[in-house]
Amino acid sequence: MIQDAQDIVVFDRVQKSYDGETLVVKDLNLGIKTGEFLTMLGPSGSGKTTCLMMLAGFEPATHGEIYLNDKPINKVAPHRRNIGMVFQDYALFPHMTVTENLGFPLKVRKFRKSEIEAKVKRALDMVRLPEFGGRRPGQLSGGQQQRVAVARALVFEPDIVLMDEPLGALDKNLREEMQYEIKHLHEELGVTIVYVTHDQSEALTMSNRIAVFNDGVIQQLASPSVLYEQPENRFVAQFIGENNRLHGRVKSVEGQHCHVDLDGGGTIRALNVRVEGAGVRTTLSLRPERVIVACQEGEVDNRIVGRVEELIYLGDHIRARLSVSGTEEFVVKIPNTDRHSALREGTDVNLGWAAEDCRALDAPAEVAEPA
Amino acid sequence: MSTAADDTLRTADGVPLKTSLRRATARRRVRTFLLVVPILAFLMVTFVFPVVDMMFRSVDNQIVSSVLPRTTLAIQSWDPGSEELPPEFVYEALVLDIQESFKDKTLGRAGRRLNYEKSGVMSLFRKSGRRAKRITEAPFKDQVLAIDERWADLETWQLIHQESSALTESYFLSAADLRVDYKGEISWKAEERRIYLFLFYRTLWMSGLITVFCLLLGYPIAFLLATLPPRHSNLLLILVLLPFWTSLLVRTTAWIALLQSEGVLNDLMVFLGFISDDGRLQMIHNKIGTFVAMTHILLPFMILPLYSVMKTIPSSYMRAARSLGASPFTSFVRVYMPNTVPGIGAGCILVFILSIGYYITPALVGGRTGTFISNIIALHISETLNWGLAAALGVILLALVLLLYFLYDRIVGVANMKLG
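From first to last, the protein sequence lines are chains W and L.
Under the working numbering, the first residue of the first sequence carries the number 1, and numbering increases by one thereafter.
Under the working numbering, the first residue of the second sequence carries the number 372, and numbering increases by one thereafter.
In short, the hints are calculated from the structure, not lab data.
Some hints here could point you the wrong way.
Incomplete in silico selection of chain L near chain W, CB under 10 Å [stated by the list, open to error]:
hint, residue
1, Ala397
2, Ala561
3, Pro685
4, Arg690
5, Ser694
6, Leu695
7, Ser698
8, Thr701
C-beta atoms are modelled at their ideal positions from N, C-alpha and C, and glycine is treated no differently.
Whole structure, please, built from the sequences with the hints as guidance.
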């Protein structure tokens, strides 16, 4: 792997196995840039938490080397790595007050008492809990505990802060509030944050870059918009946001585009992302919001008829489930404007979309390869 | 809103909320109570009544006054501080009492009771019982004095006067190595007769040391149990519980087989040449035996509360401490150990309280120097038959336990304790 001078953390051909039989992390190469907010996103068991634990030093890498500030850290004990960490259950020490919790990393680093007091006070102000220093963690709400945990991971000014699904225990509103708060802290302090989550909307909201993990492999490493707009493979397309899948066989390839014969009938012009040539099977991926309902002849590249199976009213938009070309799970999101009035359950409707919005990806039978 | 002047909460029809709630839950409370009635009755009969009865014996002193009712009444007019023997009518009462009780065969009981305080009274009573039959008329005093000259001893009469009340503190004083004379003055017993305070002291410090041993041995095991993956920790837990499947007696006698001077350990050391054949170590029937066997037997009672507390400590605490820059040792001492304090408290108080009341093991392996206060209580119950003293010793032991529990509650807080 080519090391970027900016990279604060580099995973170099890292593999991890717990039982000596299966690899949880397979040949991981990843550079994390100084000051960036990088999210490791993936379903449970995809290896993302293991990567974080290897970086924190709680799990040894079975093979390969991890560099922090260009120094190999495989043999460095966790407490000498100077890495802050926010745990899923916060791991605030219940026998210490908030102030003592925040002072702990400074105390073990032998800071002077006055300095500890000043830093703890600044950290409490930073997370907007200046009045709570004397309380114990058990007397705080979930959101307050969360903030203290973040403050504690930042108070000793580590090079990098790791967060292991820190918002998982919070309810939806609080989670969204905390997402912005952490994002703003990151922007203010410029600290490097590595964030692990299985919640894709959380990842999209907060990150500079997202590494999508599956099966021990990074499927795609890209910014949120690229990841959403241009998924490289079927897994990413499926995992990030909602997406419609149509299966078919490639009829012809023309440079950037290709024509695909759908299994359920009809030919679609799509963007060629991972198609090797004519004759292979492919999965077409299409975002629901990119589908135009009741589209006119010649308006876009593709036009196909669908039957409306179900309409769900969601306030700001209408969600329509249609059967299109053999699949009954074709979803379209229609903004709550006059256009939805054309839809009735059980009726046919013309659907259309641009070739650029329809990505021809790998077919399901194939084993997905790393991005 | 309520129209009442007071601000008690009321239901819609004006009944105070609390009354209404009590009515609503009455049926459930009755049912709950009925469920515990059988066990409650069982415990009352088999535990509470005997214990209360036994405790009452520590102050009960009706033997003398019931066997010698006339004498104890008559002697009240006599001043035990005077240098004179009681007047004639006291002797008359004594003769009538002795004649009657000798016929009823109850005289010996009073004799034995008084013999606790002053040896020789028992034989005096027996002798007097046989001879008093012949005394039928005055002067009683001279004839009684003729039976035995001990009836002319002021101390004998002072003792009867002292023990004629229905309640006595003499058992408790005796249990604390004290004595009381006819003037009501309390003083130490003769040096060679002071044994109980010393035994209490020995029971306490040895139990304390046993508790420390259990903690030192149990803490690492409990930690291992709590941190190993379940597959291994289950096996280990079974090993910890294994002693409970074996009779206490078997475990104790196993230590005798191991530790006695012709036992396994001594034989092995002689065989390996560590000690000579006639230099065999005395490891049983002394303090060492009690320490070893008691620590072994009480160890599970330390491990289980510790384990139940440690199991609830998330592994992320230690990881968090490490990631914040604390070394493994610092993390353990500053973060893990403070969170185990409720388990340490529970384990220590459990082992200590069990230990100070332990009987069977010290009795079998303690010999002369390693026995506890409970062994002397058992002695008074089954051999000397001085139940009053045994009861007084028991009550003191119980009070001691309650005091320690109270202190523990004040210092650590019982609410912090976790037994599992």
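Taking the hints in turn, this is what the structure says about them:
| no. | hint | result |
| --- | --- | --- |
| 1 | Ala397 | violated, 36 Å |
| 2 | Ala561 | violated, 53 Å |
| 3 | Pro685 | holds, 6 Å |
| 4 | Arg690 | holds, 6 Å |
| 5 | Ser694 | holds, 4 Å |
| 6 | Leu695 | holds, 4 Å |
| 7 | Ser698 | holds, 6 Å |
| 8 | Thr701 | holds, 6 Å |
Hint check: violations occur at hints 1, 2; the rest are consistent with the structure.
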